[in-house]
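S.K.: One letter stands for each residue in the lines below.
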Amino acid sequence: MPAEHFDAIVVGAGPSGNAAAYTMGKAGLNVLQIDRGEYPGSKNVQGAILYADALERIIPDFRETAPLERHVVEQRFWMLSEKSHTGTHHRSDTFNEEKPNRYTILRAQFDKWFSKQVREAGVTLITETTVTELVKNEAGKVIGVLTDREGGPVYADVVVLAEGVNGLVGQRSGLRSEIKPQHVALAVKETHFLPEETVRERFNLADEDEGVVIEVLGSVSSGMVGTGFLYTNKESISIGVGCLVADFAREKIPPYELLDRFKNHPSVKPLLKGAEMKEYVAHLIPEGGYDAIPQLTGDGWLIVGDAGQFVNAVHREGSNLAMTSGRLAGESLIALKAQGLPATNDNLKLYRDALEDSVVIKDLKKYRKIPGLLEKNRQLFTTYPALLNRSMNAFLRVDGRDKRSKETEILKGLKKARGNWLNVAFDMLKVARAWR
Amino acid sequence: MSEKLNEPDFPAAEAIDAPEEPVETRKGLNIVVCIKQVPDSAQIRVHPVTNTIMRQGVPTIINPYDLFALEEAMRLRDDYGGTVTVLTMGPPMAEDALRRALGLGADKAVLITDRRFAGSDTLATSFALTSALTKLAEEAPIDIVFTGKQTIDGDTAQVGPGIARRMGLNQLTYVSAIDSLETEAATITVRRRSEGGVQVLQSKLPCLITMLEDTNHLRRGTLQDMLRAARAPLTVWSADDAGIEDPMKCGLRGSPTVVKRVFAPQPRAEKAEMVAVEGKTPAQIGDAILDVLFAKSPKLEADVSAKITA
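If you read the protein sequences in the order shown, they are chains A and B.
Those letters in the first sequence? Residues 1 to 436, per full-length UniProt numbering, in order.
Those letters in the second sequence? Residues 1 to 310, per full-length UniProt numbering, in order.
Heads up, some of the hints might be wrong.
[Stated by the list, open to error] Only pairs whose alpha carbons sit at most 27 angstroms apart, straight line, appear in this in silico BS3-like list of lysine-lysine:
no., chain 1, residue 1, chain 2, residue 2
1, B, 108, A, 116
2, A, 366, A, 349
3, A, 83, A, 412
4, A, 362, A, 376
5, A, 116, A, 337
6, B, 108, A, 112
Treat the hints as calculated values from the structure; they're not laboratory data.
With these hints in hand, go ahead and build the complete structure from the sequences.
M.R.: Shown next as structure tokens:
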């Protein structure tokens with residue numbers, strides 16, 4: 001049997017791979033998608049929030065068939081200390097729109113649905129197959145892949161690496177270096193089941209479609225660079241915490257212990273009361289930001305999604321950037337094909353430019369300095385949240401002392417925590433500059 | 001062959017009279033493997049609130065016992081030539097199971113699916129599968145029908161024998177190995193695990209074999225198998241296509257079995273008695289266990305004492 005030749009091979013069936021494969025399949029390209037999971041999505045893990053816009057640009061009517069849990073009507077942001085939390089809520093009835101903006105989802109179900117759309121777009125999908133390496137011609141151009149099955153290689157004009165955060169195929173093929181521990185977070189998550197009405201009552205929701213998201217900073221990460229989250233699904237709650245791998249390695253705190261502490265925090269425990277834990281998962285999240293982005297294109301290959309470090313850690317956005325990069329890659333390859341141009345590194349400038357021009361690179365550039373800032377300023381995760389909670393507590397407690405003394409005490413506490421006022425001012429300035 | 005046996009009570013291959021004339025020798029074997037798509041029981045969850053089984057989101061798999069049948073069928077095909085067709089009855093989503101079988105190396109796949117099949121018990125299932133097998137045999141006579149030992153969701157082990165009975169095939173159940181196959185004589189010699197030992201049985205073809213678990217190692221399909229599986233058109237038959245004339249024999253109407261109640265068994269009232277072993281010699285532990293056993297069953301003590309005295 002002569003070796004098969006495809007227009008494109010997509011490595012991976014996560015959001016970026018599916019977006020790329022779907023886009024190309026719809027345009028009539030002959031696409032092979034290869035995933036190592038038992039079924040598409042079986043290896044994929046996320047919190048998970050689905051940002052509608054990115055998917056809408058690929059499948060406009062996705063709301064009609066996609067398995068969505070709740071649309072988000074309220075976002076809480078908590079600064080956590082050992083026994084308290086201080087935070088803000090934003091709840092708005094404008095989120096109850098005809099086409100809501102954000103949804104909670106369960107990835108195992110969502111990915112199955114997405115994969116079905118991909119196959120219906122004419123893409124050939126094979127699962128339980130791991131791409132082991134890229135096949136190159138004498139000129140060094142990637143012309144196909146080898147897998148862990150007999151009977152390879154299989155050839156294509158271009159290989160789309162949608163292989164996820166580790167980028168193992170790219171690494172093995174010498175296209176990129178190993179991911180650095182300070183550029184990647186390890187997140188652990190549990191799914192706790194509760195009756196739908198209980199979720200609704202506990203989170204003050206009007207019906208089974210409304211949902212709440214809580215993002216948490218402070219003692220939840222035990223001094224490491226990281227955050228916690230709690231999302232409401234229809235009949236369950238997803239709760240998790242993630243910190244930089246480098247920090248886990250240094251602090252030697254087991255991730256599950258961190259999550260256990262979070263679950264037992266007095267602000268969290270009542271929300272989970274009576275729930276049955278049904279799932280425990282862990283996953284790596286690329287959080288190195290703009291400066292950690294590897295080379296994204298080469299002769300006959302390009303990178304999309306987590307493999308390209310396309311995660312905005314500050315805004316907890318990843319799958320939307322993955323889908324957007326996948327779509328842009330697909331559109332670029334369709335354009336090259338239409339012009340009869342090969343997928344050389346030069347021609348793939350089309351994809352690089354599209355990315356630069358999109359929210360993906362724009363946002364990563366905006367927060368370029370954040371990863372470095374957080375790594376060097378752990379007081380943002382420890383001192384300030386603790387101080388904020390202590391201050392609020394002192395401020396609200398009525399104990400016979402006069403208010404001016406209390407305010408003075410709070411300000412003294414702030415000064416003491418950071419040594420002097422200059423340091424406090426510097427911290428503010430640093431955050432403001434990195435955010436800008 | 002007899003020296004290979006574990007049990008001298010079964011010294012030689014027992015010939016079973018073939019119910020039909022031997023099939024004429026053809027090029028290669030025509031083998032059909034009946035499979036079933038089942039929920040992955042390792043991942044089934046009981047809804048914490050309603051206490052019902054949550055099938056939604058539970059991945060489906062090919063009944064694990066059927067995979068031993070499929071592998072054995074493919075081995076025969078590899079050795080003697082021919083084709084392996086996988087056949088299943090189920091909802092449209094059972095296509096996934098068939099494609100998986102193709103990816104493992106099966107040659108053809110047939111799905112029989114019809115609303116009228118819903119609610120089938122083993123009688124109705126074996127009827128529907130037999131109809132499809134008969135239809136398939138019109139294209140080319142079938143040499144061997146394989147099934148798994150049983151399914152993991154129904155656990156009846158009735159469908160295989162049911163098909164054999166309906167088709168008038170010799171049934172070789174609980175087969176642990178296929179020793180030989182004579183294409184000229186159209187005979188097959190297999191090992192059948194039975195209570196107390198292993199039977200070596202020889203049968204004329206065609207026959208039906210239900211394969212025991214852990215009897216072979218499932219292969220990994222090649223990349224070409226996977227590509228073929230992803231793209232090959234499936235044969236999908238309705239009840240009419242499968243040549244079923246009497247719909248009263250199908251689905252719920254053709255199923256005399258009624259599930260009256262599903263319940264979790266009560267825990268046994270009797271609790272295990274613990275025998276302390278700390279600081280005791282093996283002989284003392286043995287004595288302590290005997291004391292407990294004899295206290296529970298004085299008759300056992302009497303019997304044992306009588307034997308020892310004798």
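S.K.: Against the structure shown, which of the earlier numbered hints fail to hold, in ascending order?
M.R.: none
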